[in-house]
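K.L.:
Below are the chains, spelled out letter by letter.
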Amino acid sequence: MINKVLVANRGEIALRVIRTCRELGIPTVAVYSTADADSMHRLLADEAVCIGPPPAVRSYLNIPAIISAAELTGADAIHPGYGFLAENARFAEICERCGIKFIGPSSEVISKMGDKAAARRIAWEAGVPITPGSEGVCSDAGEVRRVAREVGYPIVLKASAGGGGKGMRVVRSEEELEAALTAARAEAEAAFGSGAVYVERFVERLRHVEVQVLADAHGNTVAFPERDCSVQRRYQKLIEESPAPGLEPELRGRMQDAAVALAEEIGYEGAGTVEFVLADGEFYFMEMNTRLQVEHPVTEMVTGADLVAEQIRVAAGERLGEHNLEPVGHAMEFRINAEDPRRNFLPQTGPVEFYNPPGGPGVRVDSHLYTGYTITPYYDSLLAKLVVWAEDRAAVVRRSLRALEEFAFTGVETTIPLHMAILEDEEFARGGVPTGFLAARSFQSSEGRLRLSAAARAAS
Amino acid sequence: MINKVLVANRGEIALRVIRTCRELGIPTVAVYSTADADSMHRLLADEAVCIGPPPAVRSYLNIPAIISAAELTGADAIHPGYGFLAENARFAEICERCGIKFIGPSSEVISKMGDKAAARRIAWEAGVPITPGSEGVCSDAGEVRRVAREVGYPIVLKASAGGGGKGMRVVRSEEELEAALTAARAEAEAAFGSGAVYVERFVERLRHVEVQVLADAHGNTVAFPERDCSVQRRYQKLIEESPAPGLEPELRGRMQDAAVALAEEIGYEGAGTVEFVLADGEFYFMEMNTRLQVEHPVTEMVTGADLVAEQIRVAAGERLGEHNLEPVGHAMEFRINAEDPRRNFLPQTGPVEFYNPPGGPGVRVDSHLYTGYTITPYYDSLLAKLVVWAEDRAAVVRRSLRALEEFAFTGVETTIPLHMAILEDEEFARGGVPTGFLAARSFQSSEGRLRLSAAARAAS
Amino acid sequence: MSELRERTARERAGAEGDQEESLPLETVRQVVELLVESGVGEITVRRGELEVSVKAKGEAAPVVQPAFQRSEAPAAPETPDSGPEWEGLHVVRSPIVGTFYRAPAPGEEPYVEVGDRVSAGQTLCIVEAMKLMNEIPSEVAGVVREILVEDTSGVQYDQPLFVIEPEE
Amino acid sequence: MSELRERTARERAGAEGDQEESLPLETVRQVVELLVESGVGEITVRRGELEVSVKAKGEAAPVVQPAFQRSEAPAAPETPDSGPEWEGLHVVRSPIVGTFYRAPAPGEEPYVEVGDRVSAGQTLCIVEAMKLMNEIPSEVAGVVREILVEDTSGVQYDQPLFVIEPEE
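Residue numbers (our numbering), protein chains in the order written: chain C, 1 to 460; chain R, 461 to 920; chain P, 921 to 1088; chain A, 1089 to 1256.
Keep in mind that the hints were calculated from the coordinates and are not lab data.
Here the structure is a predicted model, which means the values were calculated and not measured.
Keep in mind that a hint or two might mislead.
What the hints assert, rightly or not - Across the chosen pairs, the derived CB separations fall in these ranges:
1. A:1222 <-> C:321: 39 to 49 Å
2. C:321 <-> R:785: 51 to 61 Å
3. C:424 <-> P:1009: 41 to 51 Å
Said to hold, decoys possible - Simulated crosslink set (DSBU-like; lysine-lysine; CA at most 35 Å straight-line):
4. P:1051 <-> R:572
5. R:697 <-> R:561
6. A:1219 <-> C:4
Said to hold, decoys possible - Here's a subset of chain C near chain A, in silico, CB distances under 10 Å, partners left out:
7. 31
8. 57
9. 61
10. 63
11. 68
12. 69
13. 71
14. 72
15. 73
16. 267
17. 377
18. 378
19. 381
We treat Cβ as the ideally placed atom computed from N, Cα and C, and that holds for glycine.
All chains should be built: construct the whole structure from the sequences, respecting the hints.
P.N.:
Here it is in structure tokens:
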């Protein structure tokens, strides 16, 4: 039983959790920084506690303040959302020690999967395909050179503590190796406090395809239809969809099986995502995210599941419910960020003068915005997630264009024009673009509208 | 082929049609009265034509203005929405004569079904069950008395040209008959220009259950899962849901078959709804609405169909697509009207100071509102339709409460508090309430919240 | 109330010496005029015991402008309410939706030209709707200053057609 | 500006006879003009008994208030920013989330009572967070005028705890 949930997050994901808790009849506690006093998550929760000043390290990353807020309000569970403390093993451990249920896997599992080199080894042990590369962290330049010769160039160096492209370097020949290793290590050290790196063969033209898993404490694990998250900008996902265009059911089944095998291998509990590289019809383990993902709604749209409700039920010790594991129709999510795509994604702050989200059939909006809300510079730039469902992918593309056109938003620039440009791109319309899709294109304005044009340099 | 659609309506339904046209790549023409210059349907359509001053008779009911607008803009089809000219056979006929495709059935079919007494006879001929009563219009008091004796009291007198409860009288004994007949005829004459009435046995405790049909010009007709629209106030629907609580699949199948039989009997084309009385496990034909209904989204939510898209495809001569005719999960629609339920549903007008619709999983909002919109006194009071889907009815009730609580709306009073009160009613929660449900209850305010209490007088 | 009246009376009595005293309404009026003319928000002037303070009317309730954008430039006809302000001039607007004709029939002379003097009730044009020719009369006598719509183009309800300078 | 001063002086001289009398409207007009030209928000000029103050019209961007309503009265702790305005007084706020204790240990005397004189740096209370006792000092010397939180209750970040009247 969970009696009261503290939501250790802000923005749309805090709202997402509050919504489901309300539907389940569980009271919620919002925590907020002084910058978020007028935020919807504060206003819609049953209780709210101010936990610190605007900088996240002093509020949303402030573990003592959050634990104190849970104790003061009698919350017996904490939902971390995504980002902030969601994959912080120490936070999960402190929750465990304080007798507060952390809604997610155990601190031990978070810790294991947080070490990307170790996770790779575990995946391999569970029989999940991995790209050729080092078995774990490489101890020195000599070992990197040896592994690189074995698997063949190009290779990619990755930070073991990393994520999001930091501490990552593509190396195309042995001459580049030394300098790239030094740079990757320094970057990893600066970003994560650990310079440990490992080696993988670099896959040139890949798609990012991931599988959502859900596991209860009674040994039941299910894997949902995959999400294709290949439309990215600098390793930041922009558009996600389910199912992945053109994926054969047989391959889907194998990916689902692999994800379940990994989750079972580590004794996973709760919602998690196994990320794969898809290249030339084969898939390889990339990493596992031990939390709810931003893009979880696309899975909800094609299966009817409520993943947050399932997270909470599983955390309360209940068994997994029945789930539809075949996609029905097609869904896409568009991340609407406070960034100006016409000015190199310059972050935007300030008041939202007018806000009116689209409605009608097949349209879901998850957002903490409202007319009059002020975007502050302290947190991430995600303003709204537009999630669109229709009976097939072509219909989703058309409906999404309609919804984006209808999305009324003034006061700040957003990524809405970029999404519309992507939807009008021919290669995107065919489906199955690689992760280099956006980098290979330049942006042009024509008749006040943003358009993509295939640039000279090839997709990488 | 349809090249351009003029939407002869306003408010949320005009927006609904514009949205689907945009998704189908068909340009739209909005028509608007001077009172609606700042309306979303005007702002979101590709073109817009001002057709008259605020009173509907001079704008949205002004046939020459609408036809002229279609001719000026080159629109080759007109979607009438619901209300206004949607069931006006003369308008459909004028469209036919002007070579403009009226998106709906032929003027002949509209005319036939508009005569309620004739429609009853046609249903009977098609083998659809009807309540015992007169075969058609009763010529005089003597005939009414004879039929009433045959079917037994109580009986109900209904206006043949009618709808919405006007010209309707329940008669419980022969003594009341004469006066009731005079009153019903006078009311019908005043409202519809025809005093013709017919007689039906009055069913005391009934549910209003209706079946959505869709037929193409090639002889294909399908019937969707039923909608239960029994939560009404003075014959105005307030909440609709699909499927009908507790309805056996076998009975659903028979109702669907009956609806298809009627549609085929009259050569129906397009979207229409066959309304039934459901009493004691049996159903009887009530009337057929030859248009899109307000509550069509609940059917869309449980089947994934886009009924407006299908209307347009069928109007363009295409064949019906594949449809899922079994309900998946459960859906409810809440009509949010500009009426104050605490003050006898006093109509509300004025500016909407703040408007923020709910979002998140399973929530669809169809509305023409925005922060700063002004509600005028000229048209109907429907402001927004909240449509909620979840895996079963209990989950829909919980999710709906969540969404209604989240619906931010200031400046005018709405029916939101009433919907919340209904959702908390025990009989409603059990499901399958009769049409007398709301009339049998009084409203009470407790802790600032509206609540229903079963009043002394019985449901009627 | 009575106390207040007494006090006022007493004060007035005390002020008797300095002429009519009471309030210098003429000065107030001048400050008000200054405020209105200048468009500033508030003026306060004090000298010794006299103080005059005038404030402009509070800003109207905040109005949020709907900001919906269509993807393409809309091909919509000119909206009826747009157009320049015609101060002191009379604007003839279309009472119906239809097609605007300047002449009774194709090839014939237009009813009026810019510069023509027209009398009240004189036909200015035809707006055709559903094959019906509706003659649109001038509501005033005056001189035609502008013809706002092209011959044979579509007009909406309330759309300005002619600008007429009325005769005094 | 110097011109203004001169003129004002002249007017004052001229106005001397009819005592305070009417107001120097010409001066006011000049101040108004200065305000409008300069685009500043407010000008106040005072010399001796004469004061002229002119404000521009409030620009205040339209502010839409979010209006979300929770179903039940929320059991939320008092929000940090609520409470009366303490003009001229010093408010000590909680730097952390935790439990407020007025005394060093249960059963002991409170650190301070209303009316006590406190010095800067003197401990006023403890806020406990995660078993750590955080002593909260007064930032100013003065007299404790109000204790805003009940002993052993929860406090949020930035929540006002004490009102202190600083010593001059």
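K.L.:
Confirm or reject each hint.
P.N.:
Cross-check of the supplied hints:
The hinted range of 39 to 49 Å is satisfied by residue 1222 of chain A and residue 321 of chain C, whose Cβ atoms lie roughly 45 Å apart. The given range of 51 to 61 Å is broken by residue 321 of chain C and residue 785 of chain R, whose C-beta atoms sit roughly 25 Å from each other. Checked against the given bound of 41 to 51 Å, the beta carbons of residue 424 of chain C and residue 1009 of chain P, roughly 47 Å apart, stay inside it. Simply put, residue 1051 of chain P and residue 572 of chain R have alpha-carbon atoms about 29 Å apart, close enough for the 35 Å limit, and the pair holds.
For the hint linking residue 697 of chain R to residue 561 of chain R, the alpha-carbon distance of about 30 Å falls within 35 Å, and the restraint holds. Between residue 1219 of chain A and residue 4 of chain C the alpha-carbon distance is near 22 Å, which keeps this suggested pair within the 35 Å criterion. Restraint check, residue 31 of chain C versus chain A: the minimum CB separation of about 8 Å is within 10 Å; hint holds. At about 13 Å, the closest approach between the beta carbon of residue 57 of chain C and any beta carbon in chain A exceeds 10 Å, and the interface hint on this residue is violated.
Taking 10 Å as the C-beta cut-off, the interface hint given for residue 61 of chain C is violated, the closest approach to chain A being about 14 Å. With 10 Å as the threshold, the beta carbon of residue 63 of chain C comes within range of chain A, its nearest partner Cβ sitting at about 8 Å, so the hint holds. Interface restraint check for residue 68 of chain C: the shortest CB-CB distance to chain A comes to about 4 Å, inside 10 Å, so the restraint holds. The interface hint given for residue 69 of chain C is met, as the beta carbon of that residue sits about 5 Å from the closest beta carbon of chain A, less than 10 Å.
Because the smallest distance between the Cβ of residue 71 of chain C and any Cβ of chain A comes to about 8 Å, under 10 Å, the interface hint for this residue holds. Here the hint on residue 72 of chain C is kept, as its CB sits about 3 Å from the closest CB of chain A, short of 10 Å. This hint holds: residue 73 of chain C has a C-beta 7 Å from the nearest C-beta of chain A, less than the 10 Å allowed. Interface restraint check for residue 267 of chain C: the shortest CB-CB distance to chain A comes to about 29 Å, outside 10 Å, so the restraint is violated.
The criterion of a C-beta within 10 Å of any C-beta in chain A is not met by residue 377 of chain C, whose closest approach is roughly 19 Å, and the hint is violated. Interface hint status for residue 378 of chain C: violated, as the beta-carbon distance to the closest one in chain A is roughly 15 Å, over 10 Å. A least Cβ separation of about 21 Å between residue 381 of chain C and chain A goes past the 10 Å threshold, and the interface hint is therefore violated.
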